[in-house]
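K.L.:
The lines below spell out each chain.
Protein chains: 4
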Amino acid sequence: MSDSFEEIATGLAAVAKGLHARGWLLGTSGNLSAVVQREPLQIAMSPSGVDKGELRPEQLLSIDEHARIVGGQGGKPSDESLLHLRIVKERGAGAVLHTHSIWNTILSDLYAADGGIKIEGYEMLKGLQGVRTHQHAEWLPIVENSQDMPALAETIGAMLNEHKVAHGFLLRRHGLYSWGENLAQAKRHIEIIEFLLEAIGRTRNI
Amino acid sequence: MSDSFEEIATGLAAVAKGLHARGWLLGTSGNLSAVVQREPLQIAMSPSGVDKGELRPEQLLSIDEHARIVGGQGGKPSDESLLHLRIVKERGAGAVLHTHSIWNTILSDLYAADGGIKIEGYEMLKGLQGVRTHQHAEWLPIVENSQDMPALAETIGAMLNEHKVAHGFLLRRHGLYSWGENLAQAKRHIEIIEFLLEAIGRTRNI
Amino acid sequence: MSDSFEEIATGLAAVAKGLHARGWLLGTSGNLSAVVQREPLQIAMSPSGVDKGELRPEQLLSIDEHARIVGGQGGKPSDESLLHLRIVKERGAGAVLHTHSIWNTILSDLYAADGGIKIEGYEMLKGLQGVRTHQHAEWLPIVENSQDMPALAETIGAMLNEHKVAHGFLLRRHGLYSWGENLAQAKRHIEIIEFLLEAIGRTRNI
Amino acid sequence: MSDSFEEIATGLAAVAKGLHARGWLLGTSGNLSAVVQREPLQIAMSPSGVDKGELRPEQLLSIDEHARIVGGQGGKPSDESLLHLRIVKERGAGAVLHTHSIWNTILSDLYAADGGIKIEGYEMLKGLQGVRTHQHAEWLPIVENSQDMPALAETIGAMLNEHKVAHGFLLRRHGLYSWGENLAQAKRHIEIIEFLLEAIGRTRNI
Chain A
57 MSDSFEEIAT
67 GLAAVAKGLH
77 ARGWLLGTSG
87 NLSAVVQREP
97 LQIAMSPSGV
107 DKGELRPEQL
117 LSIDEHARIV
127 GGQGGKPSDE
137 SLLHLRIVKE
147 RGAGAVLHTH
157 SIWNTILSDL
167 YAADGGIKIE
177 GYEMLKGLQG
187 VRTHQHAEWL
197 PIVENSQDMP
207 ALAETIGAML
217 NEHKVAHGFL
227 LRRHGLYSWG
237 ENLAQAKRHI
247 EIIEFLLEAI
257 GRTRNI
Chain B
57 MSDSFEEIAT
67 GLAAVAKGLH
77 ARGWLLGTSG
87 NLSAVVQREP
97 LQIAMSPSGV
107 DKGELRPEQL
117 LSIDEHARIV
127 GGQGGKPSDE
137 SLLHLRIVKE
147 RGAGAVLHTH
157 SIWNTILSDL
167 YAADGGIKIE
177 GYEMLKGLQG
187 VRTHQHAEWL
197 PIVENSQDMP
207 ALAETIGAML
217 NEHKVAHGFL
227 LRRHGLYSWG
237 ENLAQAKRHI
247 EIIEFLLEAI
257 GRTRNI
Chain C
57 MSDSFEEIAT
67 GLAAVAKGLH
77 ARGWLLGTSG
87 NLSAVVQREP
97 LQIAMSPSGV
107 DKGELRPEQL
117 LSIDEHARIV
127 GGQGGKPSDE
137 SLLHLRIVKE
147 RGAGAVLHTH
157 SIWNTILSDL
167 YAADGGIKIE
177 GYEMLKGLQG
187 VRTHQHAEWL
197 PIVENSQDMP
207 ALAETIGAML
217 NEHKVAHGFL
227 LRRHGLYSWG
237 ENLAQAKRHI
247 EIIEFLLEAI
257 GRTRNI
Chain D
57 MSDSFEEIAT
67 GLAAVAKGLH
77 ARGWLLGTSG
87 NLSAVVQREP
97 LQIAMSPSGV
107 DKGELRPEQL
117 LSIDEHARIV
127 GGQGGKPSDE
137 SLLHLRIVKE
147 RGAGAVLHTH
157 SIWNTILSDL
167 YAADGGIKIE
177 GYEMLKGLQG
187 VRTHQHAEWL
197 PIVENSQDMP
207 ALAETIGAML
217 NEHKVAHGFL
227 LRRHGLYSWG
237 ENLAQAKRHI
247 EIIEFLLEAI
257 GRTRNI
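Residue numbers (our numbering), protein chains in the order written: chain A, 57 to 262; chain B, 57 to 262; chain C, 57 to 262; chain D, 57 to 262.
These aren't lab readings, by the way, just hints derived from the structure by calculation. Note that the coordinates shown come from a computational prediction; the quantities given were computed from them, not determined experimentally. Be aware that one or more of the hints could be misleading.
Capping the alpha-carbon separation at 27 Å, the derived lysine-lysine pairs in DSS-like fashion look like this [stated by the list, open to error]:
(1) D:Lys182 / C:Lys73
(2) A:Lys182 / A:Lys220
(3) C:Lys73 / C:Lys220
(4) C:Lys132 / B:Lys73
(5) D:Lys73 / D:Lys132
(6) D:Lys73 / C:Lys73
(7) B:Lys132 / C:Lys182
(8) B:Lys182 / B:Lys220
(9) A:Lys73 / B:Lys182
(10) A:Lys182 / D:Lys132
(11) C:Lys145 / C:Lys132
(12) B:Lys220 / B:Lys174
(13) C:Lys73 / A:Lys73
(14) A:Lys182 / D:Lys73
(15) B:Lys73 / C:Lys145
(16) A:Lys73 / D:Lys182
(17) C:Lys132 / D:Lys132
Could you put the whole structure together from the sequences, leaning on the hints where they help?
P.N.:
Shown next, in the form of structure tokens:
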């Protein structure tokens, strides 16, 4: 394990613990990744079926662009590795996070017929990279859930090309994906989008 | 206290602390157990009337298949020990967890007339052992609450036989039981089912 | 400071920290006490205007039956000391806790016209001392709020005499009082009643 | 870095961590300041774009009355520094806190047409400096959000002059500002107002 991989893995484990505490990664759900090197591509990926509140840095796996394991101490990479890899390629992301929260689950279903959620007029939008004003309108696409990962990766690739400025997307009744140039930015985006979804959901209750 | 019992008790105390922090074991409610040995059966059981946020490993009791104390440093095993033992026998479970959350309490009453809650179409269902797709339909049976533990154990035994693939059940206005091959799996199941109940409850609010 | 007072103060500070973390003692609200000796009466009382998340054992004050300071390192005892003392006398309580939670605030207003809230049919009721079945009906009286502490203490004294088996009461748009033979039991009662109020409040939303 | 600045910065970092844990400073949102000296004015200000859950004391910046950096180890002060400075001048505040919570976001929009929220009849109001009774009526002004900070600072200056006894204000769909003579009082005010907004918001749901 190179120092670099170890540092990245330590960062991912710390973020996992924090997001699990907020209830966004319950029951081994969700997954996390960060780029280790670009040429050839290697990313550190959270293993499948692990309690994210207990994730240890040495459990992170290193996978290549085809989701084949190229490093780490064993285990099975998350089923959704292909989605992470696709986001890394399409967006040049340095880190990708995927959460299962109550509000992202509910809203991904409630707005599914619209194909996405338009979020606008909130100061919190300025936490998304490149957004300078609360008057920004963010479109958060919603993609139908599927267990066919290669097909879903294609769908997501096409969706990311169609919505080139989106900072995240929802899988219906499944969860939220967001990403960033690095892990700190990806975590910031997740917190921002989760906050906005909760604000929208609770506003509908009133 | 054998090393094995000590390890099991340490694990149960750690899980108890975490679930109490989430508000799922308030006021000494709920209880936890894990199998110590199968032949003859011994399980480590949380004592009655103890603050689960402060539970210490040495407070766990070892009980036999008749809920008689066979080890530990004293105390009274939970009144619901017979339910734990029944689940262990019927399901071959290695650990059983019982939580009292706001949402499991509310939904156990709201759906009581239906005899259970059908949960389907959520990715989170894949966190239940053996479930491979979000298209799975999980039936979470609801059993009328009772203070007659031997009778309730019989009712639950019959219910578990009727619903052979259920991963948990609700006692009406009382709480959730779930289990797993080991403590980690039981904790995963509790987190998954609690999440799904909250998602269903909050969806009804909108 | 006797060892005994120091132990009691340490226990109160730990409970204060936990309840503050749950959001039940925000903004220096709420207060805590425990009996140091009965003859003549001395209780350890939390000081006025202190952040309960930061409360240190040495900040606890010792007061007599007239709420006069008889020990501790200075500070002003909580304005509501007279209420604590009254509860100690009427109920023989060993500890008294007073929380300001969102749900106790809302329900204390919503049910004010009824003079109280009848809570029945919940397993959680068994967490209240002496309650053996979920079929128990607990009456949680609601008293109109006031800044006249001597008068309010009289009102509460009369109310406690009228409702001899109540385990707590609400001050309207103010908060919850509960108590116990000792601090652990008082904390258990607070957790139980807060849970039940939240369950009732959220059930009304559905 | 003088001892004094270091102490102030340590205090701000600790408060930031606590408020982030409550979900009131997600995604690098919100900011915090405290007066270092009055003549000439210097305040310790949180830097822009930093995760408040990870804020370290050495990241705080010292700025003058024109929001120019006069101390600290680099970084960019928050865009909203001009608002903090204006509050310090108009109110003589020793510390200013700005949070983005779900409930302050929702209510700042829901009551925008009224120009503010009247909060009265809650015991929690007594946590606001100078308030002696729950019968107090607090007016929490709501100001339209803007990205033009010099103009917004003027608007807020005028608003503070119009509402001389207000303990805080809302920026529409943006967040809450409150302050105090010192950091502890500012934190108290934030907790009190956040609590009251949540109580009002949830009451409307029922």
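K.L.:
For which of the previously enumerated hints does the structure constitute a violation, in increasing order of number?
P.N.:
3, 4, 15, 16 and 17
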